[in-house]
Amino acid sequence: MMEWERHDLLDLEELSKEEIELILTTAKSFKEVSTREVKKVPALRGKTVVMLFFEPSTRTRISFELAAKRLSADTLNISSQGSSLVKGESILDTAKNIEAMNVDMIVVRHTSAGVPKVLADALGPSVINAGDGCRAHPTQALLDIFTMKERLGRIEGLNVGIVGDILHSRVARSNIWGLTKLGAKVTLCGPSTLMPIGIEQLGVRVTYDLNDVLKNCDVVMVLRLQKERQQEKFLPSIREYAKMFGINQEKLQTASKDILIMHPGPTNRGVELSAEVADGPHSVILEQVTNGVAIRMAVLYLLLGTKKDGAEE
Amino acid sequence: MDKEAIRRALLRIAHEIVEKHKGVEALCLIGIRTRGVILAERLQKNIKEIEGCDLPVGILDITLYRDDLTMVSTQPVVGETHIDFDLTDKKIILIDDVLFTGRTIRSALDALIDFGRPSEIQLAVLIDRGHRELPIRADYVGKNIPTSLQQNVQVILQETDHKDDEVIVAQEKKES
Numbered sequence: 369m370m371e372w373e374r375h376d377l378l379d380l381e382e383l384s385k386e387e388i389e390l391i392l393t394t395a396k397s398f399k400e401v402s403t404r405e406v407k408k409v410p411a412l413r414g415k416t417v418v419m420l421f422f423e424p425s426t427r428t429r430i431s432f433e434l435a436a437k438r439l440s441a442d443t444l445n446i447s448s449q450g451s452s453l454v455k456g457e458s459i460l461d462t463a464k465n466i467e468a469m470n471v472d473m474i475v476v477r478h479t480s481a482g483v484p485k486v487l488a489d490a491l492g493p494s495v496i497n498a499g500d501g502c503r504a505h506p507t508q509a510l511l512d513i514f515t516m517k518e519r520l521g522r523i524e525g526l527n528v529g530i531v532g533d534i535l536h537s538r539v540a541r542s543n544i545w546g547l548t549k550l551g552a553k554v555t556l557c558g559p560s561t562l563m564p565i566g567i568e569q570l571g572v573r574v575t576y577d578l579n580d581v582l583k584n585c586d587v588v589m590v591l592r593l594q595k596e597r598q599q600e601k602f603l604p605s606i607r608e609y610a611k612m613f614g615i616n617q618e619k620l621q622t623a624s625k626d627i628l629i630m631h632p633g634p635t636n637r638g639v640e641l642s643a644e645v646a647d648g649p650h651s652v653i654l655e656q657v658t659n660g661v662a663i664r665m666a667v668l669y670l671l672l673g674t675k676k677d678g679a680e681e
Numbered sequence: 003m004d005k006e007a008i009r010r011a012l013l014r015i016a017h018e019i020v021e022k023h024k025g026v027e028a029l030c031l032i033g034i035r036t037r038g039v040i041l042a043e044r045l046q047k048n049i050k051e052i053e054g055c056d057l058p059v060g061i062l063d064i065t066l067y068r069d070d071l072t073m074v075s076t077q078p079v080v081g082e083t084h085i086d087f088d089l090t091d092k093k094i095i096l097i098d099d100v101l102f103t104g105r106t107i108r109s110a111l112d113a114l115i116d117f118g119r120p121s122e123i124q125l126a127v128l129i130d131r132g133h134r135e136l137p138i139r140a141d142y143v144g145k146n147i148p149t150s151l152q153q154n155v156q157v158i159l160q161e162t163d164h165k166d167d168e169v170i171v172a173q174e175k176k177e178s
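In order, the protein sequences belong to chains D and W.
If you want the working numbering, it's the position in the first sequence, counting the first as 1, plus 368.
If you want the working numbering, it's the position in the second sequence, counting the first as 1, plus 2.
Source of the hints: derived by calculation from the structure; they are not laboratory data.
Because the structure is a prediction, the values reported are computed rather than measured.
Glycine is no exception: its CB is placed at the ideal position from the N, C-alpha and C atoms.
One or more of the hints may lead you astray.
As the list claims (entries may be wrong) - Among the chain W residues that face chain D by a calculated CB cut under 8 angstroms, a handful are:
#1 Leu13
#2 Tyr67
#3 Val74
#4 Val80
Said to hold, decoys possible - In the DSS-like style, the derived pairs of lysine-lysine whose C-alpha atoms are separated by at most 27 angstroms in a straight line are:
#5 D/Lys408 x W/Lys93
#6 W/Lys93 x D/Lys407
#7 D/Lys407 x D/Lys437
With the rest of the complex left out, here is chain W (with noise of 0.2 angstroms):
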């Protein structure tokens, strides 16, 4: 997936997101951090275009949410939360570089519902790998890519990696 690819998904989903919600009232967009920001903003940024208004962005940092915490070696590295608005009664949709096993999510959706009470929580992905691990599925997919547990999927984007956007899938396993 280039550049232009993700750049055509993410204005697809924008308009899938407005469409489907009739509007913007009530949402806000929540990235989980780190590539899911970069993917919220540019979605904040593309919903103002069509709609003309401005969605309350939000950071989520998962780290501290996570299931595996007690089975991993060093401690990852905790990053910060920045909701800066009330989430009750407003519909969230959760956004995301690559769904994969879906614990990622599993995870984020403890981490909002400590914040309130949505009234809806939807989730945007630019990738669907595959492999679920749990019952989860994404409202609005990027792109659906069929991998096997050995490839390994990542986005670059721009702002975070200082190269063009890309989406690439490589073959060998990923040292983790």
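In isolation and in its complexed conformation, chain D is listed as follows (with noise of 0.2 angstroms):
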């Protein structure tokens, strides 16, 4: 197997196929220790991680937290409220003051495009891209190709829909890099408003009929609509939307019966999905959530083995 040299994680746009799978087996291996008695292994033991999230987040934080935990890292957690940062302070000097303090990793969250890759150039710890604005979400997408390859057996040749606002999702984004790099086939609905121009140059298929997508594909990913966004008239209205776009037990009867239903989170029940589909037989949310830790664990484990003159260029 090949062996992994990267210092930080930004995005799966430069990762390789092989790098990618290299992390989805390595995560294969971490989920086990998540179901011991003992839910700890002393991998990372005497490392620093240090959570730095600029805006809000559960899921991820939470899992990142546990993700370290288990690895026997100690983690410190930074929000932009009660920091510095209120202050006048700018992330440079915040983040090279952290630094300054031995920390081995950061894991960053930012609402702008790029944050995490200019602290990864500035900075010696290993840098994790946690979502940059519209830009990326690696171990979303990551989490997410284990569950499918979990449930499914393969990535190569799967039809994956994507529904929702595309325009607006780091998820999205990052999926379609990591999936299409495996040999999936992506498909993309959405609004004509949240459907980003020349998308398909990344080599999906776009659609603007939902059935299409239940028709035609193994998984469907349901994005979260970012109500936020109403208030830029990208949108007619939320129950429109729904009813467009929303995903309920009377459009499934298209689907195939084994289709798998995805959701990143936070669900806003009754928008993009109704509740019944949620937490129906077809829905793995609660999966990706829990798969979610064993592959920052892999994550936090490859990235904190490496040095950092191995990666720079």
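Build the complex: two chains, separate frames, hints provided.
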């Protein structure tokens, strides 16, 4: 098997197929750790992981924190409220101060695209992107791909639909990169106002008909409708969106009986997914969350073993 | 050591295990990835022929418990650990192919204790090549092969290497 040499994880765009597969295989081994009575292994003992979250998050932050703790690393949480950022300190200064306290890894989430890259270039510790603006959310895509592979046994040749607000979705973008690299066929579906122009160049198909996706896909990934976008007049109304792109039991009639329904959370029940579908037999939403911890353990483990010199260009 | 010698050694170890424990009650076999697992499965088969019952076999990957993780340049591949039975109050036979410095076994003991509190842990190895760095010894040994530190001991097993079973002692030290 190949060796991992990367120092930071910023996006799936830069990863090779083999690197993605190595993360998935490693995560498979780590999944078992969380089922033990003693959910802790000493692999990262003495390492410090800092969570620098400039945007709200429950799942991702807790998932990273659990992953680090189950590997015996020490964790530290910093959010923009209550830190010196409110006093006007720049992100880079804050990060450099954290680095000066000899931490080994920084997990960062920010509303602006590219912040993790800026930090990775400037700092010695490994940087993991936990979501930057509308750009990328690599660990979410990895856990989605892991869940599909675990359920269906393969990625190559799968038809995967991504439904919703593609324009503002970093989850969609990271999944497109990852899935197409592994040979899946991706179909995007959503209102035309929320479909980025030219997205077909990433090797995906675009449709505006939800039924087309439900009929032809093995997996449908439903994105959260970011209600705050409603203010920006992307949608006539949320009711109309739910009617045209929301998935309920009735619309699922046309789908394959083995279809998987995924959602990165948080869900707006009754908007993009009805409660019965979200809790129904096709839904793997909670499995995604379980797998997220394993994926993040794998990423932390792989990244913390590399030295900065090897990764710098 | 050729195929037949390995077969006989494993048969003898199986007899020794059963004799020492006066049967198979509460016994479990745990193989250390990769070749220890194959050896554990073969011992299970041998013991079944002697005593007529299947002992549980678990798979242990010790990567996450290694004491040199912070010193290696790239992370070693982590294999799956698969132990689907409770270890508490069990008598465990830990199995590996080669006993060398003892560090692998140290990691394995730490890992096992995270799974429960066995009443006893014993160690079975196919080859003991000496050069211990820790106070660890094997309870069952297939063959003692005195080696120099420059030598490399390689165990080849049909199931993993797709070649006839063999133990090779090579002169030059393996690049690591």
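Against the structure, the hints:
Among the interface hints, the one on W/Leu13 is violated; its C-beta lies about 32 angstroms from the nearest C-beta in chain D, farther than the 8 angstroms criterion. Annotation: interface hint on W/Tyr67 holds; nearest CB of chain D at approximately 6 angstroms, less than 8 angstroms. Interface hint status for W/Val74: upheld, as the beta-carbon distance to the closest one in chain D is roughly 7 angstroms, under 8 angstroms. For W/Val80, the shortest C-beta to C-beta distance to chain D is roughly 4 angstroms, which falls under 8 angstroms, so the interface hint holds.
Between D/Lys408 and W/Lys93 the alpha-carbon distance is near 23 angstroms, which keeps this suggested pair within the 27 angstroms criterion. Annotation: proposed proximity of W/Lys93 to D/Lys407 holds, straight-line Cα distance about 23 angstroms (limit 27 angstroms). Between D/Lys407 and D/Lys437 the alpha-carbon distance is near 9 angstroms, which keeps this suggested pair within the 27 angstroms criterion.
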